[in-house]
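Mapping to UniProt numbering: the sequence shown position 164 is 164, numbers consecutive.
To be clear, the hints were calculated from the coordinates, so they are not data collected in a lab. Hints are supplied without guarantee of correctness; some may be wrong.
[As the list claims (entries may be wrong)] Pair ranges (Cβ atoms, derived):
| # | residue 1 | residue 2 | range |
| --- | --- | --- | --- |
| 1 | 197 | 51 | 42 to 52 angstroms |
| 2 | 233 | 86 | 24 to 34 angstroms |
| 3 | 54 | 307 | 24 to 34 angstroms |
| 4 | 214 | 64 | 42 to 52 angstroms |
| 5 | 89 | 288 | 19 to 29 angstroms |
| 6 | 303 | 65 | 47 to 57 angstroms |
| 7 | 288 | 94 | 41 to 51 angstroms |
| 8 | 86 | 142 | 23 to 33 angstroms |
Values in this document were obtained by computation on a predicted structure and should not be read as measured data. Every residue gets a Cβ at the ideal spot worked out from N, C-alpha and C, and that includes glycine.
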Amino acid sequence: MGRGSKEGSRSSSITYPLPPPPQHISTYTQKLQTPSPGHVNEMIFSPHLKSFTLNELMYATRHFCDDYLLGEGGFGYVYKGWLNKETLTPVESGSGMAVAVKKLKPEGFQGQKEWLSEITYLGQLDHPNLVNLLGFCSDGENRLLVILVATHNQIFVCPQNWLFPILGGAQPLSWALRLKVVVEAARGLSFLHASEPKIIYRDFKCSNILLDMDYNAKLSDFGLAKAGPTGDLTHVTTQVMGTQGYTAPEYIATGRLTTKCDVFSFGIVLLELITGRRAIDKNRIVEERKLLEWVRPQLSDTKRLFRIMDSKLEGKYSRRGAYIVANLALQCCHPIAKYRPLMCEVVSILEKIPSSSRADSLNKMSSSKSQTNTNGSSPILQWPSQGSPLMPQK
């Protein structure tokens with residue numbers, strides 16, 4: 001997973017009214033502890049986490065054999081393992097519950113910090129759209145995490161496989177399922193931002209959203225998560241970390257981190273969802289390599305929007321829903337952070353979008369209505385002027 005973004009963004013415009021924040025957003029009110037470079041024994045305080053031995057995790061993963069390898073990132077490797085559901089002791093393959101075991105590469109202080117960060121936040125937070133941390137292992141130079149990322153013993157899959165399927169890979173998800181994924185991911189981010197103190201995810205991207213066999217979405221990889229500003233502070237200043245193409249321009253320029261940086265990243269994922277293109281694609285011509293820069297002029301009106309929709313959807317989506325998602329994406333990617341919506345507002349908008357893929361009849365009705373609404377003079381997708389908040393134009 002790439003770390004460290006150098007991508008910026010330039011100004012444009014948009015007009016879609018934001019509803020007031022919903023009143024039912026759940027809030028985590030317990031005071032969260034934040035990572036420090038102290039000894040690991042001083043950091044592990046959650047009674048819900050199990051301290052595993054290295055031998056236990058070696059048995060659970062069959063000595064970290066290649067057949068159990070699920071993936072590799074800058075931090076290390078992820079293996080599939082098997083544990084007894086009640087005792088969390090290692091068991092024979094297929095006889096317990098499937099878990100993911102993240103094994104940190106021994107070198108690198110940054111990896112140690114990310115490991116501590118995941119323990120700190122996932123060990124204290126509980127939400128349906130966050131992965132469930134079961135425990136950890138600290139044995140000599142070995143640092144591991146044990147995460148429940150399975151239902152019915154089916155390991156979660158990375159959604160980038162459905163947005164960007166490789167030859168012979170997974171089938172791309174329908175419009176309705178794509179909406180389901182981003183709604184649930186938005187709920188996860190909204191929950192983090194409502195915590196006390198606020199938690200800034202800092203690395204929101206498609207590959208950090210995991211799906212189970214029922215297409216339930218959970219945010220994973222909290223290695224770059226950071227406690228947000230408290231009291232009268234408006235931001236925290238920190239080293240720029242993240243993934244190229246998803247990082248907010250003001251964070252890159254100043255190192256000032258706010259929850260609106262996560263909102264920017266979420267907007268990029270929405271653009272990936274509707275276009276089927278990656279945030280950065282070096283295999284394309286220069287003018288089309290950076291998704292946001294390429295999309296901006298394409299979204300000057302709704303007719304052009306429908307020309308850039310992901311062809312893998314085969315036209316099976318609500319036109320009105322696509323318009324709202326595109327409009328919301330540009331709001332989230334506004335170059336000025338204060339004009340971006342809050343994640344609770346994003347959740348409220350996404351939850352109201354009609355899903356045209358629930359049934360063929362609904363699909364036809366939705367398409368028919370949206371075509372009627374978008375024929376003739378099309379509303380222009382614009383960002384608001386720098387002197388005004390996001391408000392509907394008269």
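Here is what the structure says about each hint:
no., hint, verdict
1, 197 with 51: 42 to 52 angstroms, "violated, 26 angstroms"
2, 233 with 86: 24 to 34 angstroms, "violated, 44 angstroms"
3, 54 with 307: 24 to 34 angstroms, "violated, 55 angstroms"
4, 214 with 64: 42 to 52 angstroms, "violated, 29 angstroms"
5, 89 with 288: 19 to 29 angstroms, "violated, 52 angstroms"
6, 303 with 65: 47 to 57 angstroms, "holds, 54 angstroms"
7, 288 with 94: 41 to 51 angstroms, "holds, 45 angstroms"
8, 86 with 142: 23 to 33 angstroms, "holds, 26 angstroms"
Violated hints, listed in ascending order, are 1, 2, 3, 4 and 5; each of the other numbered hints is respected by the structure.
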